[in-house]
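> Fit chain B to the given chain A structure using the hints.
Residue strings, one per chain:
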Amino acid sequence: MTDTDASKDVVIERSFDAPVELVWAMWTEPEHFKAWYGPTGAEIPVAEMDVRVGGHRLVGMSMQTPNGTMQMWFTGEYLEVVENRRLVYTEAMCDADGNITPPSEMGMPDDHPTTTQVIVELDDDDGKTKMTMTHAGVPADSPGAAGWTMAFDKLLAHLDAQTG
Amino acid sequence: MSVAIDDDRLSETFAALANTTRRAILTRLSDGAATVNEIAEPFAMTLPAISKHLKVLERVGLIVRSRHAQYRPCAIEATPLEAVADWAEQYRPVWEARFDRMDEHLRRLRPEPDPEPEPTMEKANNHD
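Protein chains in written order, with my numbering: chain A, 1 to 164; chain B, 1001 to 1128.
Source of the hints: derived by calculation from the structure; they are not laboratory data. Model, not experiment: these values are computed from the prediction. For glycine and all other residues, C-beta sits at the position ideal for the given N, C-alpha and C. Do not take every clue at face value.
[To be verified] Ranges between beta-carbon positions, derived for each pair:
no. : chain 1 : residue 1 : chain 2 : residue 2 : range
1   : B       : N1019     : A       : E31       : 28 to 38 Å
2   : B       : R1101     : A       : V82       : 19 to 29 Å
3   : B       : T1020     : A       : D124      : 21 to 31 Å
Chain A extracted, bound-state conformation (with noise of 0.2 Å):
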């Protein structure tokens, strides 16, 4: 029952004119991640990916905000590793030493699960790359999603109670 309900993932498909050694560099590379991964507006000074089966990554994410600059960590871990080819990892919210946050820390339902998964699958075409990307889980890497997540399934199940 823990498992992700398919309906709810994020499946997108995208076509780059790139081979696919590059876009696989784009996701496994930290100065090629960093430059596309941030929400505008946001920096990445830390990426740290020791892409090989076990390995784990540690992402680092700063926006300007209003209160002063956010800074927000990501852990994870490469469950596969199949060069230029399929790329699954996990991710998390946690904190700058990699410690996952618990859920309940970032205002969500403790029965939320702390973390999300991202499969990458690229396939060559004719030097070109179709790349079909698939985030399953319940998100944990949004700036605010966290407490809105909360607020939004609160007043949901409220509102249903309501008009029956």
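Same frame as chain A, but now just chain B:
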């Protein structure tokens, strides 16, 4: 029934929700429709300040206000909230934006198809 809400609309909804007062107002309205005065009651805020928050919520369709009743009570509108609460849908635009940036980054890395010959510097250095 499927309700299509485009990414821009979703972003606007996020922006409207990124405020504790507005979320508190929505929580209050989930108990039922209320007038501005009733909504303002628990807040240490002026009525105009509360009205401003209500306008933001109304603009993104999170609340509706009666046009006819004298006190124009506000009611919550759940549809945009459902779109936001569906986490897959809230993540899709995040990833799409990331991959747009990946595409741009790849473009910058791509070598020019026909590199122009380097202009020769010989002439400029010839001082003899």
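> Hints first: check each against the structure and report whether it holds.
Hint check results:
1. B/N1019 with A/E31: 28 to 38 Å: At 36 Å between Cβs, range holds.
2. B/R1101 with A/V82: 19 to 29 Å: For A/V82 against B/R1101, whose Cβ atoms are near 25 Å apart, the range 19 to 29 Å holds.
3. B/T1020 with A/D124: 21 to 31 Å: 49 Å, violated
When held up to the earlier numbered hints, the structure conflicts with hint 3 and nothing else.
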